[in-house]
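Colleague: Those protein sequences? They're chains A and B, same order as listed.
Position 79, counted from 1, in the first sequence is what our numbering calls 79; the numbers after and before it change by one each time, with no gaps.
Position 150, counted from 1, in the second sequence is what our numbering calls 150; the numbers after and before it change by one each time, with no gaps.
No false leads were slipped in.
With beta-carbon atoms standing in for the labels, derived distance ranges:
| hint | chain 1 | residue 1 | chain 2 | residue 2 | range |
| --- | --- | --- | --- | --- | --- |
| 1 | B | 151 | A | 6 | 37 to 47 Å |
| 2 | A | 4 | B | 151 | 45 to 55 Å |
| 3 | B | 169 | A | 111 | 14 to 24 Å |
| 4 | B | 8 | A | 5 | 16 to 26 Å |
| 5 | A | 107 | B | 139 | 43 to 53 Å |
| 6 | B | 138 | A | 113 | 45 to 55 Å |
Derived by calculation from the structure, the hints in this document are not laboratory data.
These numbers come from a predicted model, not from an experiment.
Idealized CB from N, CA, C, for every residue including glycine.
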Amino acid sequence: MDLTGLLRAGPDALANYLILAGVLFACGIFAMVSRRNAVGILMGVELILNAAGVNFVAFARFGHNKIDGNQLDGQVFTLFIIVLAAAEAAVALALVLSVFQTHKTIALDDVDEMQM
Amino acid sequence: MATLIFWLVVLVTVASAIAVVTARNILHAAFSLCLTFLGVAATYIFLHADFVAAVQLIVYVGGILVLIMFAIMFSSNVVEDTAEGRRGLLALGAGAAGMAAVFAAVLLLTSRLAEPLKTANPCANVAYAATVSVEAGQTGIGHCLMGPYLLPFEVVSVLLLAALIGAVVIVRKEVR
Numbered sequence: 001m002d003l004t005g006l007l008r009a010g011p012d013a014l015a016n017y018l019i020l021a022g023v024l025f026a027c028g029i030f031a032m033v034s035r036r037n038a039v040g041i042l043m044g045v046e047l048i049l050n051a052a053g054v055n056f057v058a059f060a061r062f063g064h065n066k067i068d069g070n071q072l073d074g075q076v077f078t079l080f081i082i083v084l085a086a087a088e089a090a091v092a093l094a095l096v097l098s099v100f101q102t103h104k105t106i107a108l109d110d111v112d113e114m115q116m
Numbered sequence: 001m002a003t004l005i006f007w008l009v010v011l012v013t014v015a016s017a018i019a020v021v022t023a024r025n026i027l028h029a030a031f032s033l034c035l036t037f038l039g040v041a042a043t044y045i046f047l048h049a050d051f052v053a054a055v056q057l058i059v060y061v062g063g064i065l066v067l068i069m070f071a072i073m074f075s076s077n078v079v080e081d082t083a084e085g086r087r088g089l090l091a092l093g094a095g096a097a098g099m100a101a102v103f104a105a106v107l108l109l110t111s112r113l114a115e116p117l118k119t120a121n122p123c124a125n126v127a128y129a130a131t132v133s134v135e136a137g138q139t140g141i142g143h144c145l146m147g148p149y150l151l152p153f154e155v156v157s158v159l160l161l162a163a164l165i166g167a168v169v170i171v172r173k174e175v176r
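All chains should be built: construct the whole structure from the sequences, respecting the hints.
Modeller: See the structure below:
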């Protein structure tokens, strides 16, 4: 499909969702590489997980899995992704606070020893 | 009309995602992240995944984002992470993001999305019609979680408990 076709299709084209997820993924990678703040890196991770979730739901909706006509597995997987993201965020932010208590900074360039 | 709203949502999502990445003030980045999460939730609604959209709103906007804000305000001098001395990192990040985008595009262009999948589908026996009604989708997800995905569901609940206990143990002050 060409560009105008995609533009006109809007929410009815799988490729649009994949492009959106790709942009989110690239933004997340960018944040993970270029941020020095630990919380900024965590935000990048969240963006990447969101991109994965969008991909799962998009393929659940548009995937041609017509053998049994079911489309729910992608949504269930996205639910699991969201739960895992919540657990990961809780632990990561606890680590950030702990590092801040001992080092007085969360810039990851300055936190490079394992001993306290 | 729906197409217009869809592109508006996509525009807001992408713009706020870019703002998350480029904002100098990490707190501004967190606020943009809120917009991104809202945009992704709207995208889920466009994909007929109402329940996932609701969960996204509750968990991300209501939970993770508040946690991130707390972490930002508890730790640090908020106005940090500016551009000076960050040029090399920015270039590196742009390179990595570009490579990821090119990789994704190549995968998309070379994969054959139109072919039917031949894999087994665990939720095969769950009666569900995606476009019929909202309740059908929620009922189907419930049957999926309590049926074929029961073991992952339970494992995830144990994992959540472990993560919460671990977080408490990590931040707890040492008591002697």
